[in-house]
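Enquirer: Chains as they are written, first to last, in our numbering: chain R, 1 to 197; chain W, 1 to 197.
A few of these clues could be false.
As the list makes no split between identical chains, a pair holds if one copy fits it or if it spans any two.
Straight line, CA to CA, 25 Å or less: simulated SDA-like cross-link-like pairs of lysine to any residue [said to hold, decoys possible]: (1) Lys114 to Ala153; (2) Lys186 to Gln119; (3) Lys22 to Gln197; (4) Lys59 to Gln197; (5) Lys64 to Ile196; (6) Lys97 to Ser7; (7) Lys59 to Thr9; (8) Lys152 to Gln119; (9) Lys59 to Gln104; (10) Lys78 to Ala17; (11) Lys114 to Gln166; (12) Lys59 to Gly141; (13) Lys186 to Ala105; (14) Lys64 to Lys186; (15) Lys152 to Asp116; (16) Lys64 to Arg108; (17) Lys152 to Trp110.
Treat the hints as calculated values from the structure; they're not laboratory data.
Protein chains: 2
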Amino acid sequence: MSERMLSDTGLDLLFRAARTHKGWQDRAVSDVLLQAVYDLAKWAPTSANCQPMRVVFAKSQAAKERLRPALMQGNVDKTMAAPVCAIVAYDLEFHEKLPELFSQADARSWFAGKPDAIQENAFRNGSLQGGYFIMAARALGLDVGPMSGFDKAKVNQAFFPEGTWQVNFLCNLGYGDPDQLPPRDKRLDFDQACDIQ
Amino acid sequence: MSERMLSDTGLDLLFRAARTHKGWQDRAVSDVLLQAVYDLAKWAPTSANCQPMRVVFAKSQAAKERLRPALMQGNVDKTMAAPVCAIVAYDLEFHEKLPELFSQADARSWFAGKPDAIQENAFRNGSLQGGYFIMAARALGLDVGPMSGFDKAKVNQAFFPEGTWQVNFLCNLGYGDPDQLPPRDKRLDFDQACDIQ
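Modelling step: build the complete structure from the supplied sequences, incorporating the hints.
Expert: The following block contains the structure:
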């Protein structure tokens with residue numbers, strides 16, 4: 001298709017063979033590796049280069065315990081067992097950094113004082129960056145276990161009491177135990193989800 | 001870091017050297033390649049495997065002309081010049097497919113009749129999938145040019161008149177012209193966007 005594309009091994013690592021993990025090997029994840037994940041994900045595109053994603057990596061036992069009361073029952077054990085749980089959030093004051101981040105226009109003025117535009121843009125682009133973050137983790141050999149099953153208000157209160165960062169989703173990170181994987185659920189075919197016009 | 005990770009070439013292709021393109025080479029993108037992009041992106045995780053992303057690839061001149069009146073002025077020329085513009089949308093009836101897609105619980109009941117939960121989940125997971133889609137396109141050697149600068153109501157009216165699919169963002173696809181790239185804007189450092197606790 002092209003002279004530059006990922007190898008089959010790379011496509012398997014990111015997409016085809018990668019699975020959402022709930023069981024974790026007893027193998028630590030270094031701070032350097034977490035930084036490397038972010039330092040890849042940060043390059044991928046956002047609208048007006050706004051980069052609203054913020055991440056708190058809950059790695060210590062103390063941080064995990066602050067997270068525990070917010071987790072849906074079915075997500076407690078796997079999150080406590082994971083080496084790291086990334087709290088993927090977005091910053092409702094992202095636009096204050098636009099003068100520094102976007103050189104082509106006064107993009108701050110598109111958002112300042114417009115809470116609906118801020119919320120929509122932060123949620124869209126913060127989620128896009130969440131997708132990049134998951135791909136970057138896999139690109140560096142980590143397995144991921146993203147989750148929506150938690151109490152957002154409790155996470156925000158425990159980790160973002162100032163109210164400008166809002167949790168989006170949680171994502172366990174580590175090295176998955178393949179023996180604990182369930183059968184894979186099906187995906188929508190191209191014709192169910194796409195159309196070429 | 002791990003015995004399994006992308007090569008430097010792969011990391012450059014997806015993240016470090018990849019750029020958002022506005023100028024396009026005169027080089028077509030085949031339907032088979034568009035299908036291959038989706039068939040990679042579909043494997044990446046969504047909440048309860050809900051897969052709300054839908055994509056219409058505007059490739060013909062007729063489809064491009066239907067899109068044109070919705071584009072912000074600064075996005076017209078580059079979109080008309082791109083081989084394909086992907087209209088990345090989400091399906092507000094995604095939950096009707098959950099009985100087929102998620103085997104572990106009756107996830108349809110979490111959403112049926114709950115429009116706020118539907119909207120939030122479709123937007124979050126449709127955007128995550130948008131991030132996977134952009135990474136999949138790059139993994140297969142395509143360049144991308146995602147855009148938020150367009151009139152959503154006009155796109156929805158022109159392409160999704162039934163009202164159940166909602167446009168999320170647009171993404172030009174093709175082979176970029178590196179000679180038309182501006183200098184790269186900066187990214188937030190790890191310490192500006194992340195914390196390890």
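Enquirer: Should lysine 64 paired with isoleucine 196 be assigned to within, between, both, or neither, using CA atoms and 25 Å as the limit?
Expert: Close across copies (12 Å), not inside one copy (46 Å); limit 25 Å.
Enquirer: Give the relationship of lysine 59 and threonine 9 under a CA distance limit of 25 Å: within one copy only, between copies only, both, or neither.
Expert: This pair counts as neither: shortest intra-copy Cα distance 30 Å, inter-copy 30 Å.
Enquirer: Which holds for lysine 59 with glutamine 104 at a C-alpha limit of 25 Å: within a copy, between copies, both or neither?
Expert: Close neither inside one copy (38 Å) nor across copies (28 Å); limit 25 Å.
Enquirer: When no copy is named, should lysine 64 and arginine 108 be tagged within, between, both, or neither for a Cα gap of at most 25 Å?
Expert: neither (36 Å within a copy, 30 Å between copies)
Enquirer: Within a copy, between copies, both or neither: where do lysine 114 and glutamine 166 come within 25 Å Cα-Cα?
Expert: Both: 17 Å inside a copy, 22 Å across copies.
Enquirer: Cα distance capped at 25 Å. Does lysine 78 pair with alanine 17 within a copy, between copies, both, or neither?
Expert: For lysine 78 and alanine 17, only the intra-copy Cα distance (21 Å) is at most 25 Å; the inter-copy one is 35 Å.
Enquirer: Is it within, between, both or neither when you check lysine 152 against tryptophan 110 at 25 Å Cα-Cα?
Expert: between (27 Å within a copy, 16 Å between copies)
Enquirer: First find the shortest C-alpha distance between lysine 152 and aspartate 116 inside one copy, then the shortest across copies, and answer within, between, both or neither for a cut-off of 25 Å.
Expert: This pair counts as both: shortest intra-copy Cα distance 19 Å, inter-copy 15 Å.
Enquirer: Given identical chains, is lysine 97 near serine 7, meaning Cα to Cα at most 25 Å, within a copy, between copies, both, or neither?
Expert: For lysine 97 and serine 7, the Cα distance exceeds 25 Å both inside one copy (37 Å) and across copies (33 Å).
Enquirer: How would you label the pair lysine 186, glutamine 119 (within, between, both, or neither) given a Cα cut-off of 25 Å?
Expert: between (32 Å within a copy, 23 Å between copies)
Enquirer: Go through the copies and call it for lysine 59 and glutamine 197: within, between, both or neither, with a Cα cutoff of 25 Å.
Expert: Between. Shortest inter-copy distance 6 Å satisfies the 25 Å Cα cut-off; intra-copy 47 Å does not.
Enquirer: I want to check one pair: lysine 64 and lysine 186. Are their C-alpha atoms no more than 25 Å apart within a copy, between two copies, both, or neither?
Expert: For lysine 64 and lysine 186, the Cα distance exceeds 25 Å both inside one copy (32 Å) and across copies (32 Å).
The structure fails hints 6, 7, 9, 14 and 16 (numbered hints given earlier, in ascending order).
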